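Enquirer: As you go down the protein sequences, you meet chains A and B in turn. Each residue of the first sequence is one higher than the one before, starting from 4 at the first, in my numbering. Each residue of the second sequence is one higher than the one before, starting from 4 at the first, in my numbering.
The reader is advised that the hints may include incorrect statements.
As the list makes no split between identical chains, a pair holds if one copy fits it or if it spans any two.
[To be verified] Taking lysine-lysine pairs in the DSSO-like style, the calculated list, with each CA pair at most 30 Å apart, reads:
1) Lys116 to Lys64
2) Lys21 to Lys194
3) Lys18 to Lys264
4) Lys220 to Lys264
5) Lys220 to Lys64
6) Lys18 to Lys220
7) Lys284 to Lys220
8) Lys116 to Lys194
9) Lys194 to Lys284
10) Lys264 to Lys21
If you're looking for bench data, these hints aren't it; they were derived computationally from the structure. What you are looking at is a predicted structure, and each value in this text was computed from that prediction instead of being measured.
Number of protein chains: 2
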Amino acid sequence: MSVLISGSIALDHVKTQKAEHENLLGGSASFATIAASFFSPVNLVSIVGHDFPESHLELFKTRDVNLDGVQFSDGETFRWSGEYSEDMNTRETHDVALNVLEAWQPDIPDSIKASSRIVLLANDSPDNQHRVLDQLGEGPVFTIADTMDLWITIARQRLEELLPRLDLLVLNDSEARLFLEESNLVVCGEKLLAMGPRNVIIKKGEHGALLFGSDGKFFTAGAYPLRELHDPTGAGDSFIGGIAGYLDSLGRDELTFDDLKSAIAHGTIVAGFTCESFSTKSLETLSKEDFQSRLDAFRAFSAYQ
Amino acid sequence: MSVLISGSIALDHVKTQKAEHENLLGGSASFATIAASFFSPVNLVSIVGHDFPESHLELFKTRDVNLDGVQFSDGETFRWSGEYSEDMNTRETHDVALNVLEAWQPDIPDSIKASSRIVLLANDSPDNQHRVLDQLGEGPVFTIADTMDLWITIARQRLEELLPRLDLLVLNDSEARLFLEESNLVVCGEKLLAMGPRNVIIKKGEHGALLFGSDGKFFTAGAYPLRELHDPTGAGDSFIGGIAGYLDSLGRDELTFDDLKSAIAHGTIVAGFTCESFSTKSLETLSKEDFQSRLDAFRAFSAYQ
């Protein structure tokens with residue numbers, strides 16, 4: 004079985020105070036896919052343009068990513084350009100060109116539908132996220148969705164309609180506060196749960212993540228401690244990609260809250276590696292040994308007698 | 004044996020968007036003492052004025068706090084007045100009157116010196132913190148100090164001279180960044196360790212705390228999830244008071260990194276209770292059962308398979 008991941012593929016132009024790179028593999032689905040494929044095969048659902056580099060396609064292929072759900076358009080690939088501040092905590096978007104993404108509506112080939120056990124709706128419009136679920140029917144075991152401030156602002160109703168369809172909603176702390184008009188993150192998590200998703204993760208960047216489940220279940224994890232960030236673009240997408248891939252790798256038809264806790268640890272480690280290079284470079288060369296070493300260390304970092 | 008806690012005793016005037024109270028027990032040593040006394044007897048070293056309410060003294064006495072090291076002056080007690088924003092994340096100081104605190108220099112009675120196993124230098128000038136250690140000599144098993152942005156700015160050299168004398172330095176994330184002129188908290192922790200203290204805790208408020216020890220030892224803990232904050236004044240002081248009291252309660256002459264991890268859990272729980280009422284009200288009525296219940300829950304919140 005596989006993880007189905009829908010969302011954007013982008014060509015990123017990223018500038019930090021130390022370096023600058025163009026035509027990087029970017030987009031919510033790309034980061035999530037490279038992260039998930041560390042654990043499990045991925046069915047990718049997205050769209051690219053004629054200018055999408057062959058090398059990025061090769062990367063997907065070498066990682067057992069099924070591209071049957073990727074539409075190849077004559078237009079130009081979605082492009083994003085941004086610059087990070089010295090401390091990497093803020094970034095300024097210089098340019099966004101939606102291009103082929105603007106009119107895209109995901110279509111899921113039948114071949115993919117049958118083999119998708121975990122569904123990850125990476126950041127995209129709620130309309131597109133609904134459309135993916137509509138086509139998949141009752142098949143998937145576990146459905147995860149990410150969102151962003153844009154959709155909370157311009158598509159709130161469709162986003163709210165999506166929530167009851169989700170096993171897991173994932174969003175940033177600032178997005179949760181915007182969504183609920185409430186500053187306390189514990190209250191945000193509980194209010195989001197009441198809106199329908201079976202579980203909610205609030206991401207807090209360098210401060211880790213909070214997980215809220217049914218019957219008052221709660222889990223808190225720190226981030227992996229990093230001395231230097233080279234490019235945090237895609238860290239959140241890698242985090243949920245890691246979660247989705249790990250959950251699929253369990254090979255089970257029912258998932259527990261304990262599975263989600265362990266998944267957050269796995270997602271945290273891949274997100275940390277993402278921050279240590281531009282684009283998906285660190286993830287591409289990540290070995291099982293290096294991953295396991297950090298996973299073991301991370302467990303020790305929060306364990307006490 | 005006992006915990007020696009030196010620092011300020013204040014009368015606080017606290018305003019939130021929901022309530023306002025005057026003549027509250029406040030000050031770094033007061034919060035730390037009430038928190039520590041939950042676990043172990045305390046020798047308090049501080050100063051109060053003629054206007055200090057008898058009821059506050061009674062509170063200390065009922066909690067097995069030795070007041071031999073408290074100077075009773077004819078002047079007025081140190082007073083602080085402030086107001087919190089709606090979300091409790093920022094506060095504005097309306098007025099500070101140092102009063103008797105201004106010229107105070109701590110003097111440690113011999114009776115206290117002999118019985119002080121753990122020393123907590125709660126927030127105070129580095130000069131006073133040095134003075135306490137000078138008088139205690141080689142006696143204490145473990146020395147903890149807190150500080151604040153004021154001392155980093157106006158007394159940096161004396162603060163730096165204090166660091167090698169400490170087993171544990173505790174400070175806020177914003178203070179660590181100010182001290183090191185470095186935004187990455189992992190780097191801050193490591194650089195602070197290199198300045199002499201055997202261990203460093205960086206407090207992150209609602210995001211918990213990071214602990215750095217020798218040989219790369221590291222620990223991260225979340226905060227206890229609170230739905231409502233009534234008055235966060237003194238949360239950080241309660242946190243280190245809980246740490247100091249718990250460490251003393253272990254009754255050992257040598258403390259390990261594992262002890263510090265467990266101490267952080269204990270400090271986190273008392274700090275959470277502090278936020279749920281004005282001043283030390285919640286701590287005053289806290290039962291062993293309610294404390295243990297949250298301590299158990301807190302452990303589960305960060306444990307995973």
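Enquirer: Going back to the hint list, which numbers does this structure go against?
Expert: 3, 5, 6, 8, 10
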